[in-house]
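> Residue strings, one per chain:
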Amino acid sequence: MSDLLKRNETLVALVIVAFCVVATLADPLFFTVTTLSDLLRASIVIGILAVGCMLVLVSGGIDVSFTAVAVFAMYATTIFTLGVWPDMPWPLVFLLSMGIGAALGAFNALFIAGFGLPTLIVTLATLSIFRGFLLTFVGSDRISALPPEMRNFSRMVVARGTTEAGNFYALPWAFAALVAVIVLTWFILQRTMLGRSIYALGGSVESARRIGVNVRATQIFVYVYVGALAGLAGILHGAMGRMADPFSLVGLELSVIAAVVLGGARLTGGYGTITGTLLGVGLIVLVQNSLIVLGIPSSWQTATIGLLILLGTGIPAYQAKRAAARAG
Amino acid sequence: MTPTKPPPFIEMTGIVKRYAGVTALAGVDFTVAPGEAVCLAGENGSGKSTLIKILAGVEQPTEGGILIDGGSAGRLDPRAASNAGIMVIFQDFSLFPNLTVSENIAFATQLAAHRTFYARGEAKRVAQKALERIGVDIPLSARVEDLPVAQKQLVAICRGLASDARLLILDEPTTALTEREVRRLLSIIRKLKDEGVAVIFVSHKLAEVLEVSEKVVVLRNGEKVAEGDAAEFDAASLTFHMTGRDVPETTPGTLPEQAEPLLTVARLSKDGSFRDVSFSLARGEILGVTGLLGSGRTSLAKALFGLVSPDAGRLTVGERDVALGDPIAASDAGIGYVPEDRLTEGLFLTQAIVRNVAIGRLDAHESGGFLKRNSLVAEAADWLKRLKVKAPEIGAPVQSLSGGNQQRVVLARWLARAPQVLILNGPSVGVDVGSKADIHDIIRDLATTGIGVIVISDDLPELLATCHRILVMKGGAIVDEVAATDTTEEDLTHRLAS
Amino acid sequence: MSSVAKIPAPGLMNSPEFRLLIIAVAVFGLMSALSPDRFLSAQNMTSMAFQFPEFAILALAMTLAMMTGGIDLSVVGVANLSAVSAALLLANVAGPEATGAAGVFWLGLAILLALSIGAAAGFINGVLVAKFGLPPILATLGAGLVFTGLAVAFTGGSAVMGFPTAIAVIGNETVFGVPVPLILFAVLAYALHVLLTRTPFGLKVTMFGANPRAAFFAALDIDRIILKVYTIAGMFSAVAGLVIMSRANSAKADYGSSYLLLAVLIAVLGGVNPYGGYGRVIGVILAVLSMQFLSSGLNMLGVSNFARELIWGALLIFVMVINVVDWQALRRRR
Chain A
1 MSDLLKRNET LVALVIVAFC VVATLADPLF FTVTTLSDLL RASIVIGILA VGCMLVLVSG
61 GIDVSFTAVA VFAMYATTIF TLGVWPDMPW PLVFLLSMGI GAALGAFNAL FIAGFGLPTL
121 IVTLATLSIF RGFLLTFVGS DRISALPPEM RNFSRMVVAR GTTEAGNFYA LPWAFAALVA
181 VIVLTWFILQ RTMLGRSIYA LGGSVESARR IGVNVRATQI FVYVYVGALA GLAGILHGAM
241 GRMADPFSLV GLELSVIAAV VLGGARLTGG YGTITGTLLG VGLIVLVQNS LIVLGIPSSW
301 QTATIGLLIL LGTGIPAYQA KRAAARAG
Chain B
1001 MTPTKPPPFI EMTGIVKRYA GVTALAGVDF TVAPGEAVCL AGENGSGKST LIKILAGVEQ
1061 PTEGGILIDG GSAGRLDPRA ASNAGIMVIF QDFSLFPNLT VSENIAFATQ LAAHRTFYAR
1121 GEAKRVAQKA LERIGVDIPL SARVEDLPVA QKQLVAICRG LASDARLLIL DEPTTALTER
1181 EVRRLLSIIR KLKDEGVAVI FVSHKLAEVL EVSEKVVVLR NGEKVAEGDA AEFDAASLTF
1241 HMTGRDVPET TPGTLPEQAE PLLTVARLSK DGSFRDVSFS LARGEILGVT GLLGSGRTSL
1301 AKALFGLVSP DAGRLTVGER DVALGDPIAA SDAGIGYVPE DRLTEGLFLT QAIVRNVAIG
1361 RLDAHESGGF LKRNSLVAEA ADWLKRLKVK APEIGAPVQS LSGGNQQRVV LARWLARAPQ
1421 VLILNGPSVG VDVGSKADIH DIIRDLATTG IGVIVISDDL PELLATCHRI LVMKGGAIVD
1481 EVAATDTTEE DLTHRLAS
Chain C
2001 MSSVAKIPAP GLMNSPEFRL LIIAVAVFGL MSALSPDRFL SAQNMTSMAF QFPEFAILAL
2061 AMTLAMMTGG IDLSVVGVAN LSAVSAALLL ANVAGPEATG AAGVFWLGLA ILLALSIGAA
2121 AGFINGVLVA KFGLPPILAT LGAGLVFTGL AVAFTGGSAV MGFPTAIAVI GNETVFGVPV
2181 PLILFAVLAY ALHVLLTRTP FGLKVTMFGA NPRAAFFAAL DIDRIILKVY TIAGMFSAVA
2241 GLVIMSRANS AKADYGSSYL LLAVLIAVLG GVNPYGGYGR VIGVILAVLS MQFLSSGLNM
2301 LGVSNFAREL IWGALLIFVM VINVVDWQAL RRRR
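Residue numbers (this note's numbering), protein chains in the order written: chain A, 1 to 328; chain B, 1001 to 1498; chain C, 2001 to 2334.
Since the hints were made in silico from the structure, they are not lab data. We put the CB at the ideal spot given by N, CA and C, even for glycine. Hints are supplied without guarantee of correctness; some may be wrong.
[Stated by the list, open to error] Derived CB-CB ranges, DEER-like: (1) A2026(C) - I16(A): 53 to 59 Å; (2) R1373(B) - A320(A): 35 to 41 Å; (3) I1134(B) - V33(A): 56 to 62 Å; (4) E1195(B) - G99(A): 36 to 42 Å; (5) G1135(B) - A320(A): 30 to 36 Å; (6) D2254(C) - N152(A): 34 to 40 Å; (7) V2303(C) - P148(A): 33 to 39 Å; (8) I1328(B) - G2302(C): 58 to 64 Å; (9) A323(A) - T1448(B): 39 to 45 Å; (10) S298(A) - A2026(C): 30 to 36 Å.
[Claimed, not checked] If you want the footprint, here are the derived chain C segments under chain A, 3+ residues with CB under 8 Å: (11) 2152-2164; (12) 2256-2266; (13) 2310-2323.
Using the sequences and the hints given, assemble the complete structure.
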């Protein structure tokens, strides 16, 4: 039990519950299907990005370029589709975007796994390279006339309806993409040698190398997979927002990293779970969307997220520091 | 011991390894046969770790060939090595702190089997079997980072035993183990040998290793200088081959009759590390503290210097109480600490030699907020000269020095502060034999100037050569105190690990 | 084994600063050749001198944090929070009608307020890193969001304007023909250089950055070093905030958001080791100049702002790949 209490997951879950209780007391309308569907919808893109980001942290690296990858893949896919095959079926559109994302991820991997450069600096540089290339050579206009298949996809819903109070709710199919990403990533991390190698790498690169883990191949997989997830998140973002905006998403990377770290992943590598990541995402999305329900003006949103990060990571860090001093 | 020697399992010929201009191995031939145990001996820097890393596939030889079962091994990488049945138990354990015990033990096995999917249940069975084999009980789902050192070492051993090894390489495998656990390990190794498994031992506890070995190979400066039946060697001849000369036995100087007490430790305790430690140190005395890895010797040493915070107890230097858990207070009280791991704890490797010395006394060379560089350099240079540090240029990075000279740089830093008490944790780890004798001379000289010295070490000959008194720690407590003149290496070994 | 290897002291020719000097000169030469009449004009020189100091000062703050092996992701947040606080004082308390001596008085007070806020914000970063043991990336990321968030909350997210005219001195005036922002940058750069190379504190920072563990074992007062480093970085950021405010004649929570990346980029380009223990102010200055020559030149050639970002990123990767041997040596050491 005490072990459970020490975990970040528990801490974050308790904060979420407390938030919901207070919000419901403040505004009974908060506790409705409408709110739930709004929050779920808001967590699709950030959730997929966060799962990818968690994978990188587990492997002992950090990636800040994934938002640029997402927006690049989304925008380039849209331009390509509109220009070459406007009626391309949406599964192909998605695959194309994921492919572009994977290619950009491979570019990161080239410098990280190939040249052994530090991940933060490489991805900071590729963040500006991807974004600069996109806006200079691919385009910088917002496109609202998306390919018809993408628009069709955005209308597909798992469930929709109107509550008794007359509030509309809808859960788009895009949510299934998040579920698929969660299941696939969970399976890779927990059930395959590749996934365990990622954890091993985060635990100790040298030990991993000594027992025969192919360090380079594992790193390449991580960055390519994260790129593909970013491509998926990007195209979903475009389809759901019904607009291809080359200026969107970039700037979100720190919030995503914040969500993942809140969920217990460590910057030093080796630690991170899907559950924790999703809880972290939940909390961030809650703060971004529902802070006002608690009577906190939305202009305090940024400060609140910052404070949550400091508390959510500061308390475990402080405990770890104390424990390390105790262990001698 | 069989009259007809079986054909070798591994045959290495003319192995050369160079790192950036430095030759670590200069054409070494090495063979090991199924069921044979070879003791690989050598000083630090003799090339024995490099040889092991090449066998493990972690490093590639610059020149030379390796035959496995008489056939060329081709390029030996870690996976190829483990497929060939070569298992290594590394000195630093090479475990994954973030993974569970069962995963640490069984992961390599599944990796070698080219599995795509990770079989959790099977991992547990394999790990359980390996643990049972050496008769220890460690929870399978515990995270390795939460285990005490001795259990970590056992996990590392279990990993080596988990797969069907044909050659087991043990690099200092018993540093944290008690005598009982060591006996158990040795009996398993005898059994493995009967099953035809080849074994390579690297250990500085020679008596222990010679007992189960058939053959001894001694390396020095990257070359093989001796090879022969284990029965032909004893401790003295091994030392001779390892160092290339007879090292005279030295003894500590006599302690003045009524030395005044300098440092007093009273009932110092720290949960999980050490308990109720009390002793005193006199001016001019050299006190040894020994114990197995994990016995609390290092925690105690660090606690004396404020690097870890004890839960209870008192520490006084002279008449003055020293605040616990504060290295700055400890150093102000005149305590100095030379750490165990010189490279990560003692030195600023990329920084200039002179800076590494001067960093201990910056405040003495300050005027109006600025550094007086001339006086700082002059003082540091003077100390380097006094300790006979052989440095081409004091502005060069300290990593360009040899181990022995590096250790003197750390010593110079503390001596510049004129300490009253100097704590030396493993003063000659990774230092060649010549420098080792010099460092022992320095320690004895320091004591004659009235400094109280505490030497923490598991190198028993070193303690016997320098200390007046030796404290033995076990499970966090001081269990024995002997005068160095009343004991021998065998006696101490027994007291330490029984 | 590798510790025995002889490592020659880096000569002038293969030091990162020398490589940067070549890059700076090459960029300058290239731009002069491509657009001689415009790039080399006095007007362009002056406008460059007004442009770069604000992010160059942030890069100095970043350099100091990186010297310890940390990073300060809150520099822009601190700059904006300081600027917004000063701006609120100037616009709401002083008002645009304050002129002459009153204007100067309010300017002085505003500077004092901004510097205090910068110092306080930096101190908070330092506490989080030193006392709570948070990794600097996380501490300054979280704190940076809080600082930015406070600036948003104080202003409702909109720009604050309407200052006494004296404020223009910081960003828009010249003294003997030298732009004031350039003077500020020069003074701060020199101060940082002296701090790092001539004081006990500077040596401690370098040594701590080279090996924090050894610094602990050598009984250095680590907590004080970290607190001081982040506090000074906060004050530098506040100065940058004041320059930005004065140049824009307003303050807003999201000004200069691209400067964070730029500051990291310049520091790394300038040869500062992000793992700590190495960095020279002269390298940072050369990196700043290379960046500014490149941007201005590209601007004159009609290249879009977006392409500049692309080229900056590519330049950073390029320089790192050149240094790849050094980097790999670093990784092994860790």
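> For each hint, tell me whether it holds in the structure or not.
Quick rundown of the hints versus the structure:
1. At roughly 55 Å, the beta carbons of A2026(C) and I16(A) sit within the given window of 53 to 59 Å.
2. Taking 35 to 41 Å as the suggested C-beta distance range, the pair R1373(B) and A320(A) conforms, at roughly 39 Å.
3. Taken as a hint, the range 56 to 62 Å holds for the pair I1134(B) and V33(A), whose Cβ atoms sit roughly 58 Å apart.
4. Against the hinted window of 36 to 42 Å, the Cβ-Cβ separation of E1195(B) and G99(A) comes to about 52 Å, which falls outside the hint.
5. Take G1135(B) and A320(A): their Cβ atoms lie about 34 Å apart, and the range 30 to 36 Å holds.
6. Hint check: D2254(C) to N152(A), Cβ distance near 36 Å, so the stated range 34 to 40 Å holds.
7. For the hinted restraint 33 to 39 Å between V2303(C) and P148(A), the CB-CB distance of approximately 36 Å keeps it satisfied.
8. A hinted range of 58 to 64 Å for the beta carbons of I1328(B) and G2302(C) is consistent with their spacing of about 60 Å.
9. For A323(A) paired with T1448(B), a C-beta distance near 43 Å keeps the hint of 39 to 45 Å intact.
10. Under the hint 30 to 36 Å, the C-beta atoms of S298(A) and A2026(C), about 49 Å apart, miss the expected range.
11. For the stretch 2152-2164 of chain C, the stated coverage by chain A is satisfied: 4 residues place a CB nearer than 8 Å to a CB of that chain, which reaches the threshold of 3.
12. By the rule of at least three residues with a Cβ nearer than 8 Å to a Cβ of chain A, the coverage given for the stretch 2256-2266 of chain C holds, with 4 such residues.
13. Evaluation of the coverage hint for the stretch 2310-2323 of chain C: fulfilled, as 9 residues show C-beta separations to chain A shorter than 8 Å, against a requirement of three.
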